[in-house]
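K.L.:
One-letter residues, chain by chain:
Number of protein chains: 2
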Amino acid sequence: MNSMAAAIRPQLRIRPVNLDTGRENVVVISRRSQALRAEVFRGFSRVELRCNSKILLATLILTDDGLVGIDELGLAEPAFRRFGEPAGSLVTVTPAASPESLDAVRAKIHGAVLSDADIGAIIGDIANYRYSDMEIAAFLIGSASFMSSDELLALSQAMAQAGTRLNWTRPIVVDKHCIGGIPGNRTSMVVVPIVAAHGLTIPKTSSRAITSPAGTADTMEVLARVDLGADEMKQVVSACDGCLIWGGHVNLSPADDILISVERALSLDTREQMVASIMSKKIAAGSTHLLIDLPVGPAAKLTTGVAAMRLRKLFEFVGDRFGIAVEVIMTDGRQPIGHGIGPVLEAQDVMAVLANDPAAPADLREKSLRLAAHLLEYDPKLRGGSGYARARDLLESGAALKRMQMIIDAQGPSSSRTDLGKLTADIKAQRTGVVVSIDCLRLNRLARSAGAPIDKGAGIRVFKKIGERVEQGEPLYRIHACDTPEFDLAIAAANASTGYVVGHGAREAGA
Amino acid sequence: MNSMAAAIRPQLRIRPVNLDTGRENVVVISRRSQALRAEVFRGFSRVELRCNSKILLATLILTDDGLVGIDELGLAEPAFRRFGEPAGSLVTVTPAASPESLDAVRAKIHGAVLSDADIGAIIGDIANYRYSDMEIAAFLIGSASFMSSDELLALSQAMAQAGTRLNWTRPIVVDKHCIGGIPGNRTSMVVVPIVAAHGLTIPKTSSRAITSPAGTADTMEVLARVDLGADEMKQVVSACDGCLIWGGHVNLSPADDILISVERALSLDTREQMVASIMSKKIAAGSTHLLIDLPVGPAAKLTTGVAAMRLRKLFEFVGDRFGIAVEVIMTDGRQPIGHGIGPVLEAQDVMAVLANDPAAPADLREKSLRLAAHLLEYDPKLRGGSGYARARDLLESGAALKRMQMIIDAQGPSSSRTDLGKLTADIKAQRTGVVVSIDCLRLNRLARSAGAPIDKGAGIRVFKKIGERVEQGEPLYRIHACDTPEFDLAIAAANASTGYVVGHGAREAGA
Chain L
1 MNSMAAAIRP
11 QLRIRPVNLD
21 TGRENVVVIS
31 RRSQALRAEV
41 FRGFSRVELR
51 CNSKILLATL
61 ILTDDGLVGI
71 DELGLAEPAF
81 RRFGEPAGSL
91 VTVTPAASPE
101 SLDAVRAKIH
111 GAVLSDADIG
121 AIIGDIANYR
131 YSDMEIAAFL
141 IGSASFMSSD
151 ELLALSQAMA
161 QAGTRLNWTR
171 PIVVDKHCIG
181 GIPGNRTSMV
191 VVPIVAAHGL
201 TIPKTSSRAI
211 TSPAGTADTM
221 EVLARVDLGA
231 DEMKQVVSAC
241 DGCLIWGGHV
251 NLSPADDILI
261 SVERALSLDT
271 REQMVASIMS
281 KKIAAGSTHL
291 LIDLPVGPAA
301 KLTTGVAAMR
311 LRKLFEFVGD
321 RFGIAVEVIM
331 TDGRQPIGHG
341 IGPVLEAQDV
351 MAVLANDPAA
361 PADLREKSLR
371 LAAHLLEYDP
381 KLRGGSGYAR
391 ARDLLESGAA
401 LKRMQMIIDA
411 QGPSSSRTDL
421 GKLTADIKAQ
431 RTGVVVSIDC
441 LRLNRLARSA
451 GAPIDKGAGI
461 RVFKKIGERV
471 EQGEPLYRIH
481 ACDTPEFDLA
491 IAAANASTGY
501 VVGHGAREAG
511 A
Chain A
512 MNSMAAAIRP
522 QLRIRPVNLD
532 TGRENVVVIS
542 RRSQALRAEV
552 FRGFSRVELR
562 CNSKILLATL
572 ILTDDGLVGI
582 DELGLAEPAF
592 RRFGEPAGSL
602 VTVTPAASPE
612 SLDAVRAKIH
622 GAVLSDADIG
632 AIIGDIANYR
642 YSDMEIAAFL
652 IGSASFMSSD
662 ELLALSQAMA
672 QAGTRLNWTR
682 PIVVDKHCIG
692 GIPGNRTSMV
702 VVPIVAAHGL
712 TIPKTSSRAI
722 TSPAGTADTM
732 EVLARVDLGA
742 DEMKQVVSAC
752 DGCLIWGGHV
762 NLSPADDILI
772 SVERALSLDT
782 REQMVASIMS
792 KKIAAGSTHL
802 LIDLPVGPAA
812 KLTTGVAAMR
822 LRKLFEFVGD
832 RFGIAVEVIM
842 TDGRQPIGHG
852 IGPVLEAQDV
862 MAVLANDPAA
872 PADLREKSLR
882 LAAHLLEYDP
892 KLRGGSGYAR
902 ARDLLESGAA
912 LKRMQMIIDA
922 QGPSSSRTDL
932 GKLTADIKAQ
942 RTGVVVSIDC
952 LRLNRLARSA
962 GAPIDKGAGI
972 RVFKKIGERV
982 EQGEPLYRIH
992 ACDTPEFDLA
1002 IAAANASTGY
1012 VVGHGAREAG
1022 A
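Going down the list, the sequences are from chains L and A.
Going by the numbering used here, the first sequence opens with residue 1, and the numbers climb by one from there.
Going by the numbering used here, the second sequence opens with residue 512, and the numbers climb by one from there.
Rather than coming from a laboratory, the hints here were simulated on the basis of the structure.
Treat the numbers as computed from the prediction; the structure is a model and nothing was measured.
Just so it is clear, CB atoms sit at the ideal spot from N, CA and C, and this is done for glycine as well.
Treat each hint with caution, since some may be false.
Simulated DEER-style distance windows between Cβ atoms [what the hints assert, rightly or not]: (1) A/721 with L/124: 23 to 31 Å; (2) L/473 with A/611: 46 to 54 Å; (3) L/321 with A/659: 37 to 45 Å; (4) L/34 with A/529: 13 to 21 Å.
Partner residues are not named here, just some residues of chain A that face chain L (Cβ under 10 Å, in silico) [to be verified]: (5) 529; (6) 554; (7) 557; (8) 566; (9) 573; (10) 593; (11) 614; (12) 646; (13) 649; (14) 656; (15) 777; (16) 778; (17) 781; (18) 784.
Just chain L, with the same shape it has in the complex:
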């Protein structure tokens, strides 16, 4: 019936309107438009646009304003870009029927197990922006309580198929992934140059910070451009055997980016979604060998070894089915890695490790060598435990630093500011004793309050780690900020709660 309705309804001319509506497609129509009847088309209802054979689903806003004429249809960003028709093109607009795949979502909500075809249709519709945020939430929540093994495989597969697939002509393509949550944990930026210097292919894509003060992409951006597309990425990897870029422009698993944005808005966190999210990107990226880092600690994403073990099984299960050799290791997630938290501070740590600076953070160096050792042993010539020695050689010889500089040159110069925040304040221990614990979540929040990752030079320099002795009045860490409001906020928040516990003999108390 939609096609008949389209034939009868008056058409409207497309006009781009300067409204940024994030990820959501939004269309603006005059309340006096001939093409709609206000009782049927209500504000924030879903409508379907048709132009030639193109169809776009969008959320409707009505206006009496001059924003659009009565014969016009305003397309906000990103709907105008996605629809891809020039201004002035004639479109019809009808109330949108829900995507058919929503029937499967409703079945899932009521306890059904979905087929591969069902899940493929859902993910295809999501990747093509046919679901509203509410409908995406319905899928995620319906899946949150129960997902079968077959559903998990189908979800990983469908998400991998929905975007760019990278093909490499090399037999071994290695990758590493950390599930995140630990401040300063920038091992990829040490591991990639070591592994690439050895000659293994490691085309690393990373995310920007979402809720943390820095993602690997934010930190790498202090040193080089990171917003490369798939073709540019291939050139860098062809020349350097590795890269360190932001995944956003490569378009691996675009459905995953959409699902994650809704998960974040709802603070939903389920194991199956996490595994499908990560594995879909690795399948699409053409990885053959994958090392996964699961930090475990009281303020990490995983708080117990049992939880980490369950997650490990899921990663291995999906890896097996897709022919990816997956290795999962649990690491110490009790405290920050390195000295710096925030892009510039973390980049300084990374370069100090690569330069074999005696003042470089030993924990970042050791963890990176350990991860690199695992990856290097995917090289048949290095099996049997010689990976660590090889990694250390590549680091100590300067080969890794040289390779990092090659990668930086190949990716090109960054346009972002890279100076350290000049406003500084030391947060001091209130008592003498030994550091018993450090709350990673708290330090992440403080670094964000100080302005990271937007201000690349903002963040925290950590002076004391767990087990170290501190004197009363001695600095625990230093806050760096670029602007006064953020600086004041971060200091006030740190003084309210430092995130450190300093113990005194058998007793423990706040620092």
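Chain A: place on chain L using the hints.
P.N.:
Chain A only, in chain L's frame:
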């Protein structure tokens, strides 16, 4: 930290903007505004506005356009109305933290049973527009798979408390409710005048059509004004013992209206939500005795007696706990009731029954008498089966018609058009035989295609019911429409599928 951020951030001046965003709060800010940093405030993210002690959560749209100045904050309808601060007032805007009650929603998604306090907080936040549609969907879906008896009671209670509560000084306040889905089923408009003529109090509020071609409120609006507020409603009931108004302006259980709009957008349909929805409104309306009509049929909301029985138990359970005497009856939901489908056609049926017109539809008359009989027997003087005779007396004596005219006069004249659609086409039987079934959903869709309920005079007049004999070429029903596009659409759709099955001896086939 929000209050500190508020103290530091620049303030913006409120400006109402002419954008209709349905139920959703939307705010428009210039991308060049001092009050935001684009990386933190993304399009369609949630923001929190503060002005004096008022707080409003809203969805953000960014613009470079002249819609708002750089020191302004545009509030779309309905956000401007809900915030209730005049244009020019200074507000601060910060990224919104999720409502705290969302923690309980997340717990529910992961299988928890919620406390009364949890559910009260969730419903309070929803009624105060603090949840986004996505967050409302999360609550509904999290509750869809499992809801305990205590949760159902808490939900009904919380929803009833969130809006207007009506108090009546009379000991018996009766009400009836049908769960809907049957075309032409306008029994309330016959039952209310009969029961009110007897002297029992029956303050009936009804809904407008959402997915059907007419709600009772749409049909009553053909005869009288229906958009009365609570005070006006009380005056009508005081004068007439009954009323027939739209519930929208009385504000009973406003959280329910919000939940229903999200359920509808997702086509979610769960028993517990339906029971909480209906019972919360009856609790808030001060009903003491409630009759619930559950039509059962192949294209009705309930397809089996077992499903109806389960629903009945839930209604009785909630009624018991809130001291409402609930009686649930199952009725024939196999086919339309009366001749007309659509507001004007249905109003004609109702008035014909009340006027004892020999051509009035016998099924509407009989069903209405039966329902009225149940209600009349709530009067202690009529117990023991004399309700039916009393109802018939009130109808046949003209007392019910007279009472209907009192109610119409008290509610006042309607401003809507009330003439029948002049464009007509008869849909004819393709073969001779007996009507075996009528698809209620199909007839509802056809009547909506013809223009109902927006065009009050559009709809369908049914000539043949189940069990009746038809000759090939004899009309099954007549389509009425007011405008040509709708008329053409409805005819094409009816010819594609009439909704009737005409059987021939033992065999059955499409009409």
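K.L.:
Look at each hint and say if it fits the structure.
P.N.:
Okay, the hints, checked on the actual structure:
Taking the beta carbon of each, residue 721 of chain A and residue 124 of chain L are about 30 Å apart, inside 23 to 31 Å as hinted. The hint said 46 to 54 Å for the Cβ distance between residue 473 of chain L and residue 611 of chain A, and at roughly 37 Å that hint is violated. At about 38 Å, the beta-carbon gap between residue 321 of chain L and residue 659 of chain A stays in the expected band of 37 to 45 Å. Taken as a hint, the range 13 to 21 Å holds for the pair residue 34 of chain L and residue 529 of chain A, whose Cβ atoms sit roughly 19 Å apart.
For residue 529 of chain A, the shortest C-beta to C-beta distance to chain L is roughly 4 Å, which falls under 10 Å, so the interface hint holds. The criterion of a C-beta within 10 Å of any C-beta in chain L is met by residue 554 of chain A, whose closest approach is roughly 3 Å, and the hint holds. Among the interface hints, the one on residue 557 of chain A holds; its C-beta lies about 7 Å from the nearest C-beta in chain L, closer than the 10 Å criterion. For residue 566 of chain A, the shortest C-beta to C-beta distance to chain L is roughly 19 Å, which exceeds 10 Å, and the interface hint is violated.
About 4 Å separates the beta-carbon of residue 573 of chain A from the nearest beta-carbon of chain L, less than 10 Å, and the hint is met. Hint status for residue 593 of chain A: violated, given a least beta-carbon distance of 14 Å to chain L, over 10 Å. A least Cβ separation of about 9 Å between residue 614 of chain A and chain L falls short of the 10 Å threshold, and the interface hint therefore holds. Annotation: interface hint on residue 646 of chain A holds; nearest CB of chain L at approximately 7 Å, less than 10 Å.
A least Cβ separation of about 6 Å between residue 649 of chain A and chain L falls short of the 10 Å threshold, and the interface hint therefore holds. The interface hint given for residue 656 of chain A holds, since its Cβ lies 6 Å from the closest Cβ of chain L, which is under the 10 Å cut-off. The criterion of a C-beta within 10 Å of any C-beta in chain L is met by residue 777 of chain A, whose closest approach is roughly 6 Å, and the hint holds. At its closest, the beta carbon of residue 778 of chain A sits 6 Å from a beta carbon of chain L; the interface hint therefore holds under the 10 Å criterion.
With a cut of 10 Å, the hint placing residue 781 of chain A at the interface with chain L holds, because the nearest CB-to-CB distance is about 8 Å. Interface hint status for residue 784 of chain A: violated, as the beta-carbon distance to the closest one in chain L is roughly 12 Å, over 10 Å.
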